[in-house]
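Working from the sequences, and respecting the hints, build out all of it.
Below are the chains, spelled out letter by letter.
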Amino acid sequence: MEVEAGGAVERARSGDSDAFRLLVEQHSRAIFRLAFRMTGNEQDAEDVVQETFLRAYKQLDKYEARSSFSTWLYRIASNYSLDLIRMRKRHEDRRERGSDEEGRDILQSIPLDTPGPDRLVYGSQVSERVNEAMNELSPQERTAFVLRHFEGLSIEEIGETLGTGANATKHSIFRAVQKLRRSLEPLVGTAR
Amino acid sequence: MSHISEEQFVLFYYGESAESRSIESHLADCEACRSEFRSLQLVLNTVNSAPVPERGAGYGAEVWRRIEKRVPRRTHRSLRWYIWAPAMAALVLVSFVAGRLSQRSLVPATTVATNSTSATNAANAANTKVRERILLVAVGDHLERSQMVLAELTNASGGKGKLDISDERQMAEDLLDDNRLYRQTARSTGDSAVASVLDDLERVLIDIAHSPTEVSNAQLEDLQQQIESRGLLFKVRVLGTKVRDQQSKPAVTVTEKNTKRL
Chain L
1 MEVEAGGAVE
11 RARSGDSDAF
21 RLLVEQHSRA
31 IFRLAFRMTG
41 NEQDAEDVVQ
51 ETFLRAYKQL
61 DKYEARSSFS
71 TWLYRIASNY
81 SLDLIRMRKR
91 HEDRRERGSD
101 EEGRDILQSI
111 PLDTPGPDRL
121 VYGSQVSERV
131 NEAMNELSPQ
141 ERTAFVLRHF
151 EGLSIEEIGE
161 TLGTGANATK
171 HSIFRAVQKL
181 RRSLEPLVGT
191 AR
Chain D
1001 MSHISEEQFV
1011 LFYYGESAES
1021 RSIESHLADC
1031 EACRSEFRSL
1041 QLVLNTVNSA
1051 PVPERGAGYG
1061 AEVWRRIEKR
1071 VPRRTHRSLR
1081 WYIWAPAMAA
1091 LVLVSFVAGR
1101 LSQRSLVPAT
1111 TVATNSTSAT
1121 NAANAANTKV
1131 RERILLVAVG
1141 DHLERSQMVL
1151 AELTNASGGK
1161 GKLDISDERQ
1171 MAEDLLDDNR
1181 LYRQTARSTG
1191 DSAVASVLDD
1201 LERVLIDIAH
1211 SPTEVSNAQL
1221 EDLQQQIESR
1231 GLLFKVRVLG
1241 TKVRDQQSKP
1251 AVTVTEKNTK
1261 RL
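So the protein sequences, as listed, match chains L and D. Sequential numbering of the first sequence, starting at 1, is according to our numbering. Sequential numbering of the second sequence, starting at 1001, is according to our numbering.
For the record, the hints were derived by calculation from the structure and aren't laboratory data. There may be inaccurate statements among the hints.
Listed below are the simulated DSS-like cross-link pairs for lysine-lysine, each with C-alpha atoms no more than 27 Å apart in a straight line [what the hints assert, rightly or not]: (1) 1242/D x 58/L; (2) 62/L x 1235/D; (3) 1242/D x 1069/D; (4) 1069/D x 58/L; (5) 1235/D x 1069/D; (6) 89/L x 179/L; (7) 1162/D x 89/L.
Below you can see the structure in the form of structure tokens.
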């Protein structure tokens, strides 16, 4: 698959738009999955897919074949998703701050406890809780975690991709796992 | 070996631990750590259960259809987009001005135009068409990015503390150079409506770019007022839509129509 993409990349670089079309067709679904896991939102994920390929096309000359084309696309998609979720998060924070300055403290003081497993029906409720738990991660934590957990990138690769270095990436993943455990352990019934 | 920390477990779970063997042998002997690791596994496996909306086999083709018109033609691999887009915009400017001047001077001569003149005009028309299209794509992207910055600031609310606008500030700074170029091009080609929107946009972009990274509520309101008083977000949105419409139309230029008549 990558061999075919390699040829297409060369042809796309020299102006063959059909070759670029092949690359778009080949990688769109994977980029969508990554983007959805990062943003947690279908419309945002669609935006990320489009923007990733437009940016990739503009930067084709910067692509170096030492990393695979899909990893390079992941890098672009991750960074754009990260920008997007940071902006969204800040936007939401501002809205919250503006609309309910006093209520925020009360909300924060409520423990993130969930109903006991006996009250939960597995299936959609589990998914919903997982989504909520993912939304509680900071943009950096979420991005690092998604790339490690779902996309199987090594911590070193993630550090390179996000430009944060391996150590900071490792700590983002640790924090993400801690938060997920805190949110999801009551659900899966394995209190620490 | 003392008990295994959560961080060690996380690395072990993802196969990135340098001490896998000792962890494995500790797990074999320590019930407390086994239980701890099972709990971690359970949670992380549960995370996998969150569904991702499915996209069918034709999704890639659909994405291509959506972006195809925004993908600029590449002419030379060593020329990067951000280098040649402004250069092409400048070329459009020159070709428009030159085209207008030459059209004026050629009017009396059209009756005696030779076949070779027609061929040259046809080639020029085709070049102009390509340049116009490249400019449209570049301006379309520029307006979209500008719109994002303006919308973010318009929808922001400062609350009591200061507000971090470093991302918007950086984007405004990045957009300024392109905006200047497009505004000058529009002005020179006599497109005063576009030039006027870009002019307004430039003033606001300058203010955003020169704002502190953290603004007070009053400073934010000031920026919002500037955006709103000029109806800027609306104008940029409308202009962006027009540009996108133009991109999707087959380009037939005035020059081309004239050439066909000749």
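Comparing the hints with the structure gives:
Restraint check for residue 1242/D and residue 58/L: satisfied, since their Cα atoms lie roughly 23 Å apart, inside the 27 Å limit. Of the pairs offered as hints, the one joining residue 62/L and residue 1235/D is violated, with about 35 Å between alpha carbons and a cut-off of 27 Å exceeded. Of the supplied pair hints, the one linking residue 1242/D and residue 1069/D holds, its CA atoms being roughly 14 Å apart against a limit of 27 Å. Our distance criterion of 27 Å between C-alpha atoms is met by residue 1069/D and residue 58/L, whose separation comes to about 14 Å.
Using a Cα cut-off of 27 Å, the hinted pair residue 1235/D and residue 1069/D holds, with the two alpha carbons roughly 23 Å apart. Annotation: proposed proximity of residue 89/L to residue 179/L holds, straight-line Cα distance about 17 Å (limit 27 Å). Restraint check for residue 1162/D and residue 89/L: satisfied, since their Cα atoms lie roughly 16 Å apart, inside the 27 Å limit.
Hint 2 from the earlier list is the only one contradicted by this structure; the remaining hints agree with it.
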